[in-house]
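Protein chains: 2
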Amino acid sequence: MRNDIHTNGAPVLCISCEARDRGVCGALETSQLVELSKSSSRHRLAQGSEVVGECETIEGYSNVLSGVVKLTKTLPDGRQQIVGLQFAPDFLGRPFGKESDLGIEAATEVLLCSFPRSTMERLLEQCPALEKRIFLQTLRELDEARQWMLTLGRKSASEKIATFLLLIARNADPTAAYQHPICFDLPLSRSDIADYLGLTIETVSRQLTKLHADGVIDVHNRRVVISSLERLLSVAGN
Amino acid sequence: MRNDIHTNGAPVLCISCEARDRGVCGALETSQLVELSKSSSRHRLAQGSEVVGECETIEGYSNVLSGVVKLTKTLPDGRQQIVGLQFAPDFLGRPFGKESDLGIEAATEVLLCSFPRSTMERLLEQCPALEKRIFLQTLRELDEARQWMLTLGRKSASEKIATFLLLIARNADPTAAYQHPICFDLPLSRSDIADYLGLTIETVSRQLTKLHADGVIDVHNRRVVISSLERLLSVAGN
DNA sequence: CGCGGCATTGAGATGCGTCAAATGCGGTGG
DNA sequence: CCACCGCATTTGACGCATCTCAATGCCGCG
Numbered sequence: 001m002r003n004d005i006h007t008n009g010a011p012v013l014c015i016s017c018e019a020r021d022r023g024v025c026g027a028l029e030t031s032q033l034v035e036l037s038k039s040s041s042r043h044r045l046a047q048g049s050e051v052v053g054e055c056e057t058i059e060g061y062s063n064v065l066s067g068v069v070k071l072t073k074t075l076p077d078g079r080q081q082i083v084g085l086q087f088a089p090d091f092l093g094r095p096f097g098k099e100s101d102l103g104i105e106a107a108t109e110v111l112l113c114s115f116p117r118s119t120m121e122r123l124l125e126q127c128p129a130l131e132k133r134i135f136l137q138t139l140r141e142l143d144e145a146r147q148w149m150l151t152l153g154r155k156s157a158s159e160k161i162a163t164f165l166l167l168i169a170r171n172a173d174p175t176a177a178y179q180h181p182i183c184f185d186l187p188l189s190r191s192d193i194a195d196y197l198g199l200t201i202e203t204v205s206r207q208l209t210k211l212h213a214d215g216v217i218d219v220h221n222r223r224v225v226i227s228s229l230e231r232l233l234s235v236a237g238n
Numbered sequence: 001m002r003n004d005i006h007t008n009g010a011p012v013l014c015i016s017c018e019a020r021d022r023g024v025c026g027a028l029e030t031s032q033l034v035e036l037s038k039s040s041s042r043h044r045l046a047q048g049s050e051v052v053g054e055c056e057t058i059e060g061y062s063n064v065l066s067g068v069v070k071l072t073k074t075l076p077d078g079r080q081q082i083v084g085l086q087f088a089p090d091f092l093g094r095p096f097g098k099e100s101d102l103g104i105e106a107a108t109e110v111l112l113c114s115f116p117r118s119t120m121e122r123l124l125e126q127c128p129a130l131e132k133r134i135f136l137q138t139l140r141e142l143d144e145a146r147q148w149m150l151t152l153g154r155k156s157a158s159e160k161i162a163t164f165l166l167l168i169a170r171n172a173d174p175t176a177a178y179q180h181p182i183c184f185d186l187p188l189s190r191s192d193i194a195d196y197l198g199l200t201i202e203t204v205s206r207q208l209t210k211l212h213a214d215g216v217i218d219v220h221n222r223r224v225v226i227s228s229l230e231r232l233l234s235v236a237g238n
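Keeping their order, the protein sequence lines are chains A and B.
Counting in this note's numbering, the first sequence runs from 1 upward without gaps.
Counting in this note's numbering, the second sequence runs from 1 upward without gaps.
These are computed hints drawn from the structure, not numbers from a lab.
Just to be clear, a hint being listed does not mean it is correct.
Cut-off 25 Å, straight-line C-alpha distance, at most; resulting in silico cross-link-like pairs (DSS-like, lysine-lysine) [what the hints assert, rightly or not]: (1) A:132 with B:98; (2) B:98 with B:132; (3) A:98 with B:132; (4) A:38 with A:132; (5) B:132 with B:38; (6) A:98 with A:132; (7) B:132 with A:132.
Partial selection, computed: residues in chain A whose CB lies under 7 Å from chain B [to be verified]: (8) 12; (9) 142; (10) 150.
Backbone N, C-alpha and C fix where the C-beta goes; we use that ideal spot for every residue, glycine too.
Please construct the entire structure, taking both the sequences and the accompanying hints into account.
As structure tokens, then:
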């Protein structure tokens, strides 16, 4: 492992890694980072591939380096709901064992940095700051889940779509947030969007064309251009 | 503060407190429990009273000793969604500052055991086991939120009602779970139930009478008797 | 060129919301 | 004790948003 004076000896792969400052790895000392990186490995997942099946024990922990991961719940008859989206540099994997009944799947092509369970757990014991980082992410996920419950339970289809577009716009490229008009690619298929919003694909499609007809957005396949952010905000209803 | 040899010197008020073994106080040493109890105070809240307004900084932390607390989200136009229910001995209050945009309200009469923010934060630093307890509760709340997202997004009105009744039945009196027929009082008004399920009060009422007509439950005001647990489970759809 | 997957569009059905009225129940005061 | 009131709940009639089912369009790939 190369030790570069300018990066305080951080592993090369970690030097430019987003997870190192904004993600959980930011909580680690350089020496701990070196240790973790020794047993970490990068994986590229194809769109649609399953990270871990429902109810299975997760084989390890990961950072999302790029792409979007969806967390799903499914009823016995097949109806599905996406209960969370993870973007880079989110942390994936549940501490203290006992994975909940979740499907974890790549919504786009995804790049992961994974660690074995044992290494992570050893570090967790050594390093309270790491546990706190993960705790903070969990609190954020709880906030997001509850915010989405409001959307699922109380918003109309058009409000849901607008809310979703704004969510993606914010995550797609925060630096581009002040470009006008804002444009980005949807990381989800119509079917995934429907599963996220508790709608059908037909309703999703119709609402998108309606927003287009009203001059609020442009849509072509997955490409979205927000023509009027102001009006999109007002449709979203908050 | 009385020190009783049979309880290892735990404060009298804590001796029979549910939060001491099942709640977060279970993580504390006796000496810490004594310290915490010195600055703790019990409050009785009337039904409908607000614990802390949306966006306000919570003035402290609490354990729910009895009753049900609802966590709510509200849209600018007044539409409301209940995003969580807290039963005894759940912990109330968000560590690490920055309360999320939540309304916290007593759904029934509620008994709280509250601590000032400063005491709690000092203990949190001293006692990693306490932080871990709260972390574990947060993980549980996240699971519950996501489970409820599936209910909100993908279940029909009758499935929602059945799911809700089973949820309350499990929380009302776990020891009574094997009595047949199971009976309990709903801790929520029709309006609260509607806000929890993302429905209107009329739909809630109609679905309850339909379940009654189908011989699955008996309802009179808030009293519920589950005549056929098996059928209720099958209506809930999971 | 033709096939398969994804998305759009249309027509019809329906579950749930809306609005309005009736019912029941507890509390208060005469 | 009873009459009255206010509030929560139930019930009914109707409309509409969304779902369902089906057809069509679009595009990449063999």
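Verification of the hints:
no.: 1; hint: A:132 with B:98; result: holds (15 Å)
no.: 2; hint: B:98 with B:132; result: holds (19 Å)
no.: 3; hint: A:98 with B:132; result: holds (15 Å)
no.: 4; hint: A:38 with A:132; result: holds (23 Å)
no.: 5; hint: B:132 with B:38; result: holds (23 Å)
no.: 6; hint: A:98 with A:132; result: holds (19 Å)
no.: 7; hint: B:132 with A:132; result: holds (10 Å)
no.: 8; hint: 12; result: violated (33 Å)
no.: 9; hint: 142; result: holds (5 Å)
no.: 10; hint: 150; result: holds (4 Å)
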